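Novice: Same order as they appear, the protein sequences are chains A and B. Here the first sequence is numbered in our numbering, starting from 1 and rising by one per residue. Here the second sequence is numbered in our numbering, starting from 1001 and rising by one per residue.
These aren't lab readings, by the way, just hints derived from the structure by calculation. Being a predicted model, the structure only gives us computed values, none of them experimental. Glycine included, each C-beta is placed from N, C-alpha and C at the ideal position. Some clues are possibly wrong.
DEER-style ranges, computed between Cβ atoms [as the list claims (entries may be wrong)]:
id, chain 1, residue 1, chain 2, residue 2, range
1, A, Glu37, B, Glu1062, 23 to 31 Å
2, B, Pro1004, A, Gly98, 29 to 37 Å
3, B, Leu1081, A, Lys182, 53 to 61 Å
4, B, Pro1013, A, Arg144, 27 to 35 Å
5, B, Asp1006, A, Arg141, 20 to 28 Å
6, B, Glu1062, A, Asp72, 37 to 45 Å
Heads up, simulated DSS-like pairs for lysine-lysine below, C-alpha to C-alpha not over 30 Å straight-line [as the list claims (entries may be wrong)]:
id, chain 1, residue 1, chain 2, residue 2
7, A, Lys38, B, Lys1105
8, A, Lys148, A, Lys60
9, A, Lys101, A, Lys148
10, A, Lys148, A, Lys182
11, B, Lys1091, B, Lys1105
12, A, Lys38, B, Lys1091
Chain A side only, calculated, beta carbon under 8 Å to chain B, not exhaustive [unchecked claim]:
id, residue
13, Arg27
14, Ile50
15, Tyr53
16, Leu117
17, Lys134
18, Ser135
19, Arg144
20, Glu145
21, Pro146
22, Arg147
23, Ala170
24, Lys182
25, Glu185
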Amino acid sequence: MASFKSEEVAAIHRHLHSHLPSDPALRVKALESLAIEKGLVTAETIDSWIEAYRDHIGPKRGAAVVARAWTDTDFHARLMDDAAEAIRDFGFEGSATGHLKAVENTSDTHNLIVCTLCSCYPFSLLGMSPSWYKSAEYRARSVREPRKVLAEFGVDLARDIAVRVWDSTAELRYIVIPQRPKGTESWDADRLAGIVTRNSMIGTDRDLTLETC
Amino acid sequence: MFAPDDPLAPAGPVFAEPWHAQTLAIADALISSGHITAADWAETLGAALRATDAAGRADTSETYYGAALTALETLTARNTLVSAADLLLRKQQWIAAYRQTPHGKPVMLDPG
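This is chain A alone, in the form it adopts within the complex (with noise of 0.2 Å):
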C-alpha cells in the first residue's frame, strides 16, 4: 500500500508542477531576466526581433532582390560588386548582410551555399533558415558530395556542370541568384519574384518553374 501512495503524491506533484518549462526555456528566461535587467538588451528589442522574424522577415526578400536582378541591369551590376550595398535599396540590410556576396547560377555552373561551422545565413534577406541547413549532415555533407545532396533535393546536374560551393562565415554570407527561366521574357519583377524559391537562393534548387507560388 505504501508504493501505491507514493506513485500517488508523485502523480498528483507531477500534475501540480506539469506547467513548470522546460530546463532550456528556463535557463532563456534566466538570461533574458538578466540581461534586461543589467541594461544588456530591452524587452522590446527582444520582443520587435521575435515579432519581425517570425511574422514578417522571409524568403519573399530574396526573391525581390533576384527579380529585380533580373530585370534591371543596372541593379544587376551592383548586386554582382556590392550586394551588401545594393540590397540596401529595399531597405534589406540588417541582421547577417553586413558583408554579402551575390554568387549567380549559369548554364555551366552551379552554386550551393553552406556554413560548415554554425549556420551563417543572411537572415535579414532570406528569414530564418531552414532546420536542414542547421543539421550536421547538411553542413559536412553539401562540402563533401555537393552533388549527392543536390540529387536528393531533386536537381539532378549534369556531369558538364561545375559546382561551387561557398563556406560562410560570419564576415561574408552569400545569396544564389538563380537562372530567369525561359518563357519569361515579358514578366514584370513582381511576378518573377512569386517563382524564386528560397532553396534556389541557397543552392539547393536549380530549375524554376513557371507555377507562381
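Using the hints provided, position chain B relative to the given structure of chain A.
Specialist: This is chain B only, laid out in the frame that chain A set:
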C-alpha cells in the same frame, strides 16, 4: 537524406518553441549592441555544435537550439557582468516562482 520542399505542404511555424526564438533574439541583440562579436558568436556556436555531435546527440533542431543556448550562456558569462552562477541562481528563482504560482496566474519573480 534530404528532400525538395513540398510546395503544397502548409507552412509550419518559423520557431517550434518560444525559447528557440528568444535565444536567437538575445544573441542578435547582444551582437547589435556590441557586447559580443559576430565572429565570437559563430566560433562559440560552432564549438557547441561540435560538442553535441561528439556526444552523439540527435541531429535535430532541438539539439541545434540547445547548442545555441549553451553558446549564448558561455559568451554572456565571458563578456558581461552576468556570471554562470547568476544564471543558475536566477533559474532556481524562476523554478520557485513557477511552483508557488497557481496554474493560470502570471508567473512573476519575487522582487525580494
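Novice: Hint by hint, say whether it matches the structure.
Specialist: Evaluation of the provided hints:
1. Between glutamate 37 (chain A) and glutamate 1062 (chain B) the beta carbons are some 28 Å apart, a value that agrees with the proposed interval 23 to 31 Å.
2. Between proline 1004 (chain B) and glycine 98 (chain A) the beta carbon distance is about 31 Å. The supplied range of 29 to 37 Å therefore holds.
3. Judged by the Cβ atoms, the range 53 to 61 Å given for leucine 1081 (chain B) and lysine 182 (chain A) holds: they are separated by roughly 60 Å.
4. For the hinted restraint 27 to 35 Å between proline 1013 (chain B) and arginine 144 (chain A), the CB-CB distance of approximately 31 Å keeps it satisfied.
5. Separation of aspartate 1006 (chain B) from arginine 141 (chain A) is about 21 Å and conforms to the stated range, judged on CB atoms against 20 to 28 Å.
6. The hint said 37 to 45 Å for the Cβ distance between glutamate 1062 (chain B) and aspartate 72 (chain A), and at roughly 43 Å that hint holds.
7. Annotation: proposed proximity of lysine 38 (chain A) to lysine 1105 (chain B) holds, straight-line Cα distance about 27 Å (limit 30 Å).
8. Taking the CA atoms of lysine 148 (chain A) and lysine 60 (chain A), the gap is near 28 Å; set against the 30 Å cutoff, the hint holds.
9. Only pairs whose Cα atoms come within 30 Å are accepted, and lysine 101 (chain A) paired with lysine 148 (chain A) is accepted, the gap being roughly 25 Å.
10. A C-alpha spacing of about 26 Å is found between lysine 148 (chain A) and lysine 182 (chain A), which places the hinted pair at or below 30 Å, so the restraint holds.
11. Distance check on the hinted pair: lysine 1091 (chain B) and lysine 1105 (chain B) sit about 19 Å apart at the alpha-carbon level, within 30 Å; holds.
12. At roughly 16 Å between alpha-carbon atoms, lysine 38 (chain A) and lysine 1091 (chain B) fall within 30 Å of each other, so this suggested pair holds.
13. A distance limit of 8 Å between C-beta atoms decides the matter here; for arginine 27 (chain A) the minimum to chain B is near 6 Å, and the interface restraint holds.
14. For isoleucine 50 (chain A), the suggested interface contact is upheld, since its CB lies about 5 Å from the closest CB of chain B, less than 8 Å.
15. With its C-beta approaching chain B no nearer than about 6 Å, tyrosine 53 (chain A) sits inside the 8 Å limit, and its interface hint holds.
16. Given the 8 Å rule on beta carbons, the hint for leucine 117 (chain A) holds: about 4 Å separates it from the nearest Cβ of chain B.
17. Given the 8 Å rule on beta carbons, the hint for lysine 134 (chain A) holds: about 5 Å separates it from the nearest Cβ of chain B.
18. Proximity of serine 135 (chain A) to chain B holds as hinted, the smallest CB-CB distance being about 5 Å (cut-off 8 Å).
19. Interface restraint check for arginine 144 (chain A): the shortest CB-CB distance to chain B comes to about 14 Å, outside 8 Å, so the restraint is violated.
20. Using the Cβ-Cβ criterion of 8 Å, the hint placing glutamate 145 (chain A) at the interface with chain B is not satisfied: the shortest such distance is roughly 12 Å.
21. For the restraint placing proline 146 (chain A) at the interface with chain B, the shortest Cβ-Cβ distance is roughly 12 Å, beyond the 8 Å limit, so the hint is violated.
22. For arginine 147 (chain A), the shortest C-beta to C-beta distance to chain B is roughly 13 Å, which exceeds 8 Å, and the interface hint is violated.
23. Interface hint at alanine 170 (chain A): satisfied, since its Cβ lies 4 Å from the closest Cβ of chain B, which is below the 8 Å cut-off.
24. Interface restraint check: lysine 182 (chain A) against chain B, minimum CB-CB distance 20 Å, threshold 8 Å, status violated.
25. Hint status for glutamate 185 (chain A) relative to chain B: violated, with the closest Cβ pair at about 24 Å, above 8 Å.
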